[in-house]
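Heads up: the sequence lines are chains A and B, in that order. Under my numbering, the first residue of the first sequence is numbered 203, with each subsequent residue one higher. Under my numbering, the first residue of the second sequence is numbered 234, with each subsequent residue one higher.
Simulated from the structure, these hints should not be mistaken for laboratory data. Please note that a few of the clues may not be correct.
What the hints assert, rightly or not - DSSO-like mimics (lysine-lysine), calculated; alpha carbons at most 30 Å apart, straight line: (1) A/Lys410 x A/Lys398; (2) A/Lys398 x B/Lys511; (3) A/Lys469 x B/Lys483; (4) A/Lys469 x B/Lys340; (5) B/Lys562 x A/Lys477; (6) B/Lys567 x B/Lys499; (7) B/Lys567 x A/Lys244; (8) A/Lys244 x A/Lys410; (9) A/Lys244 x B/Lys340; (10) A/Lys244 x B/Lys701; (11) B/Lys483 x A/Lys462; (12) B/Lys511 x B/Lys340; (13) B/Lys499 x A/Lys480; (14) A/Lys398 x B/Lys567; (15) B/Lys473 x B/Lys436.
As the list claims (entries may be wrong) - Label-pair restraints from in silico Cβ distances: (16) A/Leu279 x B/Leu270: 40 to 50 Å; (17) B/Glu641 x A/Ala341: 49 to 59 Å; (18) A/Asn216 x B/Phe614: 42 to 52 Å; (19) B/Glu563 x A/Asn216: 44 to 54 Å; (20) A/Thr437 x B/Glu458: 46 to 56 Å; (21) A/Ser284 x B/Glu343: 49 to 59 Å; (22) B/Glu343 x A/Lys462: 45 to 55 Å; (23) A/Lys211 x B/Asn584: 51 to 61 Å.
Where a beta carbon is used, it is the ideal one built from N, C-alpha and C, also for glycine.
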Amino acid sequence: MYNRIVEKKELAPNIDWFKVEAPPIARHCQPGQFVIILLHEKGERIPLTIADFDREEGTITMISQRVGKTTHMLSTLKPGDSLYSIVGPLGRPAHHTNEKHGTVVCVGGGVGVAPLYPQARALKEAGNHVISIIGARTADLVIMEEEMRAVSDELYITTDDGTRGEKGFVTNALEKVLRDKKVDLVVAIGPVVMMKFVCTLTKEFGVKTYVSLNPIMVDGTGMCGACRVTVGGQTRFACVDGPDFDGHQVDFDELMERQKFYVKEEKLAMDLYEKTLKGGGA
Amino acid sequence: MAKERPPRQKMPERPVEERIKTFEEVALGYTEEQAVLEAQRCLQCPRPMCVEGCPVRVPIPQFIALVREKKFIEAARKIKEANVFPAICGRVCPQENQCEGSCVLGKRYEPVAIGRLERFVADYERAQNAVEIPPTPEPTGKKVAIVGSGPSGLACAGELAKKGHKVTVYEAFHKPGGVLVYGIPEFRLPKSIVEAEVEYVKKLGVEILTDHIIGKTITIPELREEYDAVYLATGAGLPKFLGIPGENLKGVYSANEFLTRANLMKAYRFPEYDTPIKVGRRVAVIGAGNVAMDAARTALRLGAEEVTIVYRRTEHECPARKEELEHAKEEGVKMLMLTSPIRLMGDDFYNVEWMECIQYKLGEPDESGRRRPIPLEGSEFSIRVDTVIIAIGQTPNPTVQEGVEGLETHSWGGIVVDEDGKTTLEGVWAGGDVATGAATVIRAMGAGKKAAEDIDRYLRGETKWPEKEHWEPYGCKTH
């Protein structure tokens, strides 16, 4: 079977975890790659990072945070249900995860920990000393702690409100590590604003930093250019040139604004969807 | 003495004021009476030049003779001997440069409206539910993979299936049809027609697998292992950008994105469909090809108040079909010729607001035969824009052939092929836009058909792969 959900759980409030049968994708995917899914014939195509995969079983796992109509609809699917469409693996594999750099700090914010996990695991397998810092707004939203612990030599947790781990942002913890240790590489995945501040910090310390970008996409194959980002003054497509880029080269301010282009439409779609749910039909 | 010829029958069209508010098809098609009258204009030349002008050599005088006799269904079947998609070609072929451009009648009068007749009989056949599936041929036991379900891939698939080969078509999108579905708007080519043609190909025994990106989901080496032959028809899907400052501002679209949202994802029906599209009051479309006209007319229908085509040369050089240009102008699209943007400027939130342009004059003809535009220093001026759509061309997507050893490509990204569509990799053919650069639906279909014939010969052991030294590249544009 293709596209069938075999397992589903709620990792944290509003964060869903899915395991889906997709044998050709499971056979070819590498850390750093993503898929595009579509829930129904009138749906929109949204990118989701492949958080894990099992080549033998022919499955991939994805983690989705409920923000708009599509991710809310996705959360209503149950094991046995099928996705209307799933295509991938898209993007370039994160090749830096196969190399030995020395000490690598993996920084994950919120649901960004999901795509970070396969990269941290690969970095560990490549013989690096992996220090992971994962952060969230509050204790409930810290995800994949055990998985991350298993592939990290050191793990730090931060929450904005101090309900779990250290109070503060991932950047506070990162700064401490950068002061105490010689770090060879930083990998940061999370909200754009988090990646921006991580990069500001690592630039000061002169440590190379990879980020994984998740801009608006349509086809995911380089056809439309919706996902274009400015990297080192050049226009790059996150879908085919990325999604991983040298964070010190990325124009994060432009990216943050570009992500907001359809905010009004996204809200309208969500409001109408909620109305449908309340009304129990059209 | 030749008697006075009746005039060419006009195509009934939806009135302008009505059509700019809807995505319904603009051209409405001939009536039976019109079709017969138009068919009577045909001279039935013994050596028909129109057929020479057709990339797939449709038996034009023969089908028109059947129209005269009101044998419309037979006429449609006559066309299908050479062209599997008459309803599509009748709508989107540039007939003025092909069959109609070669029509002898056109020398003194207007040429026979071959395209409109083709469309009429194909629509008639479908409306009468008379579409017939040819009898299933004896299976050859050979398997062919086709990459891409656009016009070239589907034409190749149809031909190979009719010869008894087992054909599987791989499509990257969730819907088959390629450019017919994501690129050409509903008002020019209704998607129900594309669906019907895709269904026809499926009924010939072709399997279509959507959501498969070759190079990602499956690789070319894997296909070569599983199939006896592979045909690459991945088109020209990579948008070109201008490379000017401000191109990543919000409100700046590639025509590919704009049209894909509108056509494939049906964003013009948002929020019934989930994909949004945004069009501001003032829209500038950069470029003057068919894609630019499609984007401009789509923007109008999405509610833009003012849509302007901005082009470096003049209407005379514009690559769009005359009919498309005329339709756009009728609908109120403005033309800002001899002008090109040099910079886009936005507000504090990165919304595009101004477009700085420079004016051009035309110099001597360049290698394309068109007069070269020369920028006029000091002619810079700015216009207000809310949306900018860049429609200056597409190149082949490198994903498919990336990292495939032995498959040669041109510097502009196209796959190198010989006259029959053979690539430098044994068992792999390519054709359509991926081999020629962006061209027309019918040329892509012609390449698919030609490759199918060669694949068939190869599978029957009647032709061998040429040795490297005998291998001659063919039919490519130098970019």
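Hints and how they fare:
no. : hint                            : verdict
1   : A/Lys410 x A/Lys398             : 14 Å, holds
2   : A/Lys398 x B/Lys511             : 28 Å, holds
3   : A/Lys469 x B/Lys483             : 18 Å, holds
4   : A/Lys469 x B/Lys340             : 59 Å, violated
5   : B/Lys562 x A/Lys477             : 42 Å, violated
6   : B/Lys567 x B/Lys499             : 25 Å, holds
7   : B/Lys567 x A/Lys244             : 33 Å, violated
8   : A/Lys244 x A/Lys410             : 42 Å, violated
9   : A/Lys244 x B/Lys340             : 49 Å, violated
10  : A/Lys244 x B/Lys701             : 49 Å, violated
11  : B/Lys483 x A/Lys462             : 9 Å, holds
12  : B/Lys511 x B/Lys340             : 46 Å, violated
13  : B/Lys499 x A/Lys480             : 26 Å, holds
14  : A/Lys398 x B/Lys567             : 42 Å, violated
15  : B/Lys473 x B/Lys436             : 37 Å, violated
16  : A/Leu279 x B/Leu270: 40 to 50 Å : 57 Å, violated
17  : B/Glu641 x A/Ala341: 49 to 59 Å : 57 Å, holds
18  : A/Asn216 x B/Phe614: 42 to 52 Å : 50 Å, holds
19  : B/Glu563 x A/Asn216: 44 to 54 Å : 51 Å, holds
20  : A/Thr437 x B/Glu458: 46 to 56 Å : 37 Å, violated
21  : A/Ser284 x B/Glu343: 49 to 59 Å : 54 Å, holds
22  : B/Glu343 x A/Lys462: 45 to 55 Å : 53 Å, holds
23  : A/Lys211 x B/Asn584: 51 to 61 Å : 40 Å, violated
In summary, the structure is inconsistent with hints 4, 5, 7, 8, 9, 10, 12, 14, 15, 16, 20 and 23 from the numbered list given earlier, while agreeing with the others.
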